[in-house]
Amino acid sequence: MYIWRQEMMQVFKDEGVLIFFIIVPLVYPLLYSWIYNNETVHEVPVVVVDDSHTSLSRQFIRMCDASPDVHVAYYAQDLDEAKSLVSRQLVRGVYLIPSDFETKVNRMEQATISVYCDMSLMLTYKAIFQTAQLVSMQMGSAIQTKLGQHYTKREEVIAARPLACDEVPIFNPSGGYGSFVLPGVLILILQQTLVLGIGMSAGTARERNRYRQLIPISRPYQNVFRIVLGKSLCYFMIYALMGAWLVILVPRLFHFPQLATWQPLLWLMLPYTLACIFFGMVVSCIVRYRENVMLLMVFVSVPLLFMTGVSWPLSNISGFWQGVSWVFPSTFGVKAYVRLNSMGACVGDVSTEIMVLWLHTFLYFWLACVVYGYQIYITRYEAFWRYREMKARKDAINK
Amino acid sequence: MVMVFFTSLMEDGLPTEMPVGVVDLDNTSTSRSLTHRLDAFQMSRVVAHYPSVTEARRAIQKNEIYAFFYIPKGTTSDLLAGRQPKVSFYYSYTTLASGALLMKDLKTITTLGSAAVGQATMRAKGFTDEQIQTFLQPIRIDLHQIANPWTSYNSYLSTMLVPGMIMLFIFLISAYSLGTELKFGSSKEWLELADNRIVVALIGKFLPQTLIWLAIVYGYEFYVFYVLQFPHLGSPWMLVLLGFMQVLAAQGFGIFIFGLMPSLRMSMSVCSLWAVLSFSMVGSAFPVMGMDGPLQSLSWLFPLRHYYMVYQIAVFNGFPLLEAWFHFAGLAAFTLLPWLVIRKIKNAMLTYVYIP
Chain A
1 MYIWRQEMMQ VFKDEGVLIF FIIVPLVYPL LYSWIYNNET VHEVPVVVVD DSHTSLSRQF
61 IRMCDASPDV HVAYYAQDLD EAKSLVSRQL VRGVYLIPSD FETKVNRMEQ ATISVYCDMS
121 LMLTYKAIFQ TAQLVSMQMG SAIQTKLGQH YTKREEVIAA RPLACDEVPI FNPSGGYGSF
181 VLPGVLILIL QQTLVLGIGM SAGTARERNR YRQLIPISRP YQNVFRIVLG KSLCYFMIYA
241 LMGAWLVILV PRLFHFPQLA TWQPLLWLML PYTLACIFFG MVVSCIVRYR ENVMLLMVFV
301 SVPLLFMTGV SWPLSNISGF WQGVSWVFPS TFGVKAYVRL NSMGACVGDV STEIMVLWLH
361 TFLYFWLACV VYGYQIYITR YEAFWRYREM KARKDAINK
Chain B
400 MVMVFFTSLM EDGLPTEMPV GVVDLDNTST SRSLTHRLDA FQMSRVVAHY PSVTEARRAI
460 QKNEIYAFFY IPKGTTSDLL AGRQPKVSFY YSYTTLASGA LLMKDLKTIT TLGSAAVGQA
520 TMRAKGFTDE QIQTFLQPIR IDLHQIANPW TSYNSYLSTM LVPGMIMLFI FLISAYSLGT
580 ELKFGSSKEW LELADNRIVV ALIGKFLPQT LIWLAIVYGY EFYVFYVLQF PHLGSPWMLV
640 LLGFMQVLAA QGFGIFIFGL MPSLRMSMSV CSLWAVLSFS MVGSAFPVMG MDGPLQSLSW
700 LFPLRHYYMV YQIAVFNGFP LLEAWFHFAG LAAFTLLPWL VIRKIKNAML TYVYIP
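These protein sequence lines map, in sequence, to chains A and B. Taking this note's numbering, I'd label the letters of the first sequence as residues 1 to 399. Taking this note's numbering, I'd label the letters of the second sequence as residues 400 to 755.
Don't read these hints as lab results, they were simulated from the structure. There could be a bad hint or two in this list.
If the Cβ cut is set under 7 Å, some of the chain A residues that face chain B in the computed set are [stated by the list, open to error]:
#1 Arg88
#2 Met108
#3 Glu109
#4 Gln110
#5 Ser114
#6 Val298
#7 Arg339
#8 Ala345
By construction, the Cβ of each residue, glycine as well, lies at the ideal position given by its N, Cα and C atoms.
Same shape as in the complex, but just chain A (with noise of 0.2 Å):
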């Protein structure tokens, strides 16, 4: 108790410690939600050549322009000029309908309309082609049932798509980039305040004391379980609010998709706040001095977001990479929490990845108390050596 008084003194009194215990875990998941809370881009400008000037081409431009994503925001003369629009960043991409292109279309002959995108962007790319292909795959059905001499509308439809097909997006049905990224990055800032902070607060204990040692002789700090306990103990009450926070509250404000209830919410957040403390415990007894926590912790970051597979399909990463992220704690968190709450998944279904991270905790728990058992070895050892000099110079003195 006395062990985690202290800590909890500590925490408060650092301001660093301050910052990425309370004020990082607080802010940036709001910052990060404000960024992305229009999750898709609509009305990206393009700009468009229109060398057949006929009520079909006219025709293309309004449908193109009508639709969400598309905004004709200029016309040019010809490609030069629409280039030069590209590259002041005005436009994003150039619709060039060619001089023949109503008189193909009328003579039976297959007509073209080029599309030149950006390629800087993927969204507006994806934005610019898709309005095209889907504005011309419209046009062309309508062109499709006045040739085709049929007898009834319903034959129209069936001649002109034999097979429909319907797409179902699931589980994030805007298809939106923040409902999607940010439910990986809400549990990602949680594991790396934890382990920032831990690290950070120990290095402050280290600097503070005289012998710049991690763990002060004094009579509390003679039992590994208690020293380790203690301190767990103090980031977890810490923790527990914020991960409620972060996951209940965070994607509630803005509205992402939550399918989870929270209990399997619990049974998740339980393992993996265990597995980073002690995790984080492990880092900030190996690693010296504070600010190489923080050179390491950051530096990693960005790539462990990789690793949960959020962004880039774990299929595709190779086995060396995907070893290396089993280290870590937010791999499993990652991607049970993003299983349960945007798919809605149940508490079975991510039983393994549950499994994983009470094994975390488990041996990051030893590990936690075998490197501080080591550093009270250092400590009593160091402290005997100068308590030998110590006498040694008394008796000299004295003699």
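Dock chain B against the given chain A, drawing on the hints supplied.
Just chain B now, with coordinates in the frame of chain A:
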């Protein structure tokens, strides 16, 4: 290290052979040939057949497959009878990349499937192949993907993430190297070496670092653009200039933050938080123009954003530098930022005592 990680992660550029499932309730040669065709596509690999939709959905929730293809009973007979049967494709959008790519594949398949039926009917009526093609697709879209014809993801993410990481390190190391002078109490000696002239002291401290960073940045650019042959239309000199500006701007920012908060811990925290945020604000994955107005102006405060815009305009698309003058000026402004706080740094170096 980071470089190798990302470039090897996305070696293929596009994900391939993603696992999908099939729920085939029809079980005829037509439905099986649709399945085979799906399997033959580059992106998708059929790993399992499920007896019902519920089980396929559970497989997605267990992360075994990314999508499944549902062929209801009676599809073939409806197709032959001309009753327009419907097949469905369910795909999970929780991983955006795989969802979008798989959807593209499936759309192609169903279009091909229905085209095959239409083709057979029209051949029977005695049309020529050219007429059939025109009839099936009266307007063709001719797509030109400027500067990245392979739609490779690698060239998007690696060109943003790796420079971002390098900049993050420059931020941190700049603040760190100033802060350690304070921490280990050697700041006065350091200033004395430069006869108490802070400008000389700063330049002396950061010039060797600049050289090292430049070597790293140029090494990265050489590796990415010449060994891996990433698409770039701009001239090599543009890359050299951009790399130079990138290093200077990042160092300027690091020193500036330290000047604002002359404490090792605080300045490093702020630097790292700022740098991590800039990965989102740079707008390479989710474009800045899709964000709210205040955020758009906020993005000017991130050096990485300016770097990325200059890169995009002048290197990736090969337009003249004049088009990116605003962002280039932004980078220059970051380089000059330390002037504002230089007195404060000197003051801090001479008087502050390190408090842990």
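Violated constraints from the hint list, given by number and in increasing order: none
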